[in-house]
Amino acid sequence: MGLELFNTFILLLLVVAALAALRIRDLITASAVFGIYSFLMCLLWAEMGAVDVAFTEATVGAGISTVVLVATIFNLKRKSND
Amino acid sequence: MKWISLVPVLAVGGLLLFAAKDFPEWGDPQSPASSSPVSSHFINNTGVDTEVPNMVTAVLADYRGFDTMFETVVVFIAGVAVIAILKGSGRRRGGLRKDHEVEAEPDLIVTNTVRLVVPVIQIFAFYVLAHGHVSPGGGFQGGVVMGASFILLALAWDLDHALVRMSLPKCIIIAAAGIILYGGIGFLSMLLGGEFLDYAELEKVLPVSREMARYHAMLGVEIGVGFTVTSIMFALYANLSSEGRLKGGL
Chain A
28 MGLELFNTFI LLLLVVAALA ALRIRDLITA SAVFGIYSFL MCLLWAEMGA VDVAFTEATV
88 GAGISTVVLV ATIFNLKRKS ND
Chain B
114 MKWISLVPVL AVGGLLLFAA KDFPEWGDPQ SPASSSPVSS HFINNTGVDT EVPNMVTAVL
174 ADYRGFDTMF ETVVVFIAGV AVIAILKGSG RRRGGLRKDH EVEAEPDLIV TNTVRLVVPV
234 IQIFAFYVLA HGHVSPGGGF QGGVVMGASF ILLALAWDLD HALVRMSLPK CIIIAAAGII
294 LYGGIGFLSM LLGGEFLDYA ELEKVLPVSR EMARYHAMLG VEIGVGFTVT SIMFALYANL
354 SSEGRLKGGL
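So the sequences go chain by chain: A and B. Residue numbers for the first sequence follow this note's numbering, beginning at 28 and rising by one. Residue numbers for the second sequence follow this note's numbering, beginning at 114 and rising by one.
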């Protein structure tokens with residue numbers, strides 16, 4: 028029962044994070060929200076016993092790809108009409 | 114126009130939800146993945162064949178070693194491609210200053226925290242790499258953690274500070290050395306009379322049994338992967354954050 032509740036909570040947060048990453052106008056904030064999304068996925072993998080996958084998700088998904096996204100955004104011309 | 118795209122999204126989403134109820138229960142021993150002869154073969158034989166407790170690593174680095182070798186090559190080629198495209202492309206613009214680059218001393222609190230944290234991260238990376246066959250971890254994860262520690266240096270001070278410790282030519286050499294180490298272990302087992310990446314043949318040069326030879330060869334292979342991933346991760350960041358100028362950066 029406890030795990031069921033935990034799963035539902037994490038999955039709800041995942042949907043919220045996914046929608047937020049799409050809705051947020053500021054690209055830096057959106058990539059930070061992507062990091063949150065990856066970390067929630069990592070929690071789910073760990074809970075299902077796939078610790079190796081969770082480890083990779085935490086390092087690559089939440090760590091490196093967020094940094095690379097931010098690095099790329101800083102080098103874009105940040106002009107937008109909407 | 115925006116609303117029309119909602120139709121395929123809803124249709125595909127509905128289809129996925131509809132298909133999701135056919136999934137087997139989580140951890141169901143009768144599910145196709147658990148009841149196939151392949152899974153039970155690995156579950157029964159990994160410990161006997163290789164003495165590696167972590168089955169994931171044994172499958173990744175030994176049974177499926179050929180695949181993992183070319184995964185490492187893919188990482189290497191991706192990094193070299195980014196370097197080849199970006200290196201020198203920023204020089205044409207004559208080193209124009211970006212609006213996010215300001216003259217400022219590195220923050221005292223940030224730099225001191227990073228100074229304390231980076232050694233811990235690097236030791237943890239070595240632990241993850243070396244302990245990969247006993248507990249979750251391995252070359253890819255350890256390499257990424259190690260690369261992240263160098264990126265942290267570049268974020269806290271500036272790119273030059275990290276490039277002193279890990280210059281771009283050094284990155285490429287270490288990345289290539291990782292693949293040579295991996296392929297070298299493969300060729301060594303070939304020279305000793307086995308097939309490519311048949312680690313058990315290494316018992317002829319190592320003073321251990323056939324099972325332990327596979328155990329130790331897996332460690333060697335993981336170290337090769339770790340080398341490549343560490344240096345390519347940092348080289349990617351260094352080039353992307355400064356558009357190949359390798360100065361200043363974020």
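Hints in this document: simulated from the structure, not taken from any laboratory. It is possible that some hints are incorrect.
Pairs of lysine to any residue residues, derived as SDA-like cross-links and limited to a Cα-Cα distance of at most 25 Å, are as follows [said to hold, decoys possible]: (1) Lys360(B) with Leu129(B); (2) Lys134(B) with Ser92(A); (3) Lys283(B) with Gln235(B); (4) Lys283(B) with Glu356(B); (5) Lys200(B) with Lys134(B); (6) Lys134(B) with Arg52(A); (7) Lys360(B) with Leu32(A); (8) Lys317(B) with Lys134(B); (9) Lys200(B) with Thr93(A); (10) Lys115(B) with Asp53(A); (11) Lys317(B) with Gly297(B); (12) Lys134(B) with Asn102(A); (13) Lys317(B) with Leu301(B); (14) Lys283(B) with Gly160(B); (15) Lys283(B) with Gly201(B); (16) Lys360(B) with Ile91(A); (17) Lys283(B) with Phe189(B); (18) Lys200(B) with Val277(B); (19) Lys115(B) with Leu129(B); (20) Lys134(B) with Met68(A); (21) Lys360(B) with Trp72(A); (22) Lys200(B) with Asp220(B); (23) Lys283(B) with Val227(B); (24) Lys134(B) with Thr35(A); (25) Lys134(B) with Leu123(B); (26) Lys134(B) with Val42(A); (27) Lys200(B) with Asn102(A); (28) Lys360(B) with Ala47(A); (29) Lys134(B) with Leu54(A); (30) Lys360(B) with Arg50(A); (31) Lys317(B) with Val186(B); (32) Lys115(B) with Glu74(A); (33) Lys360(B) with Leu54(A).
**Message:** Lys283(B) and Gly201(B) were given as a pair; does the straight-line alpha-carbon distance stay at or below 25 Å?
**Reply:** Holds: Lys283(B) and Gly201(B) sit about 18 Å apart, inside 25 Å.
**Asked** Do the alpha carbons of Lys283(B) and Gly160(B) lie within 25 Å of each other, as the hint requires?
**Response** It is violated: about 38 Å lies between the C-alpha atoms, which goes past 25 Å.
**Request:** Could you grab the alpha-carbon distance between Lys360(B) and Arg50(A) and see if it respects the 25 Å cut-off?
**Result:** violated (34 Å)
**Request:** Starting from Lys317(B), check that the Cα of Leu301(B) is at most 25 Å away, please.
**Result:** holds (11 Å)
**Item:** Pairwise hint evaluation, Ser92(A) against Lys134(B), where the allowed Cα distance is 25 Å at most
**Value:** Roughly 32 Å separates the two Cα atoms, so the pair is violated.
**Request:** Verify the proposed pairing of Lys134(B) with Leu54(A), using a straight-line Cα cut of 25 Å.
**Result:** violated (36 Å)
**Request:** For the pair we were handed, Lys283(B) and Phe189(B), check the Cα-Cα distance against 25 Å.
**Result:** Satisfied, since the Cα-Cα distance of roughly 14 Å is no more than 25 Å.
**Request:** Would you check the hint for Lys283(B) and Val227(B), treating anything up to 25 Å between C-alpha atoms as holding?
**Result:** holds (23 Å)
**Prompt:** Taken at face value, is the distance from the CA of Arg52(A) to the CA of Lys134(B) at most 25 Å?
**Reply:** violated (35 Å)
**Asked** Hey, Lys134(B) versus Leu123(B), does the alpha-carbon distance stay inside 25 Å?
**Response** Holds, at about 17 Å.
**Distance restraint between Lys360(B) and Trp72(A), which requires alpha-carbon spacing of 25 Å or less** = violated (38 Å)
**Asked** Does the alpha-carbon distance linking Lys283(B) and Gln235(B) stay inside the 25 Å limit?
**Response** Holds, because 18 Å separates the two Cα atoms, which is no more than 25 Å.
This entry does not satisfy hints 1, 2, 5, 6, 7, 8, 12, 14, 21, 22, 28, 29, 30, 31, 32, going by the numbered hints stated previously.
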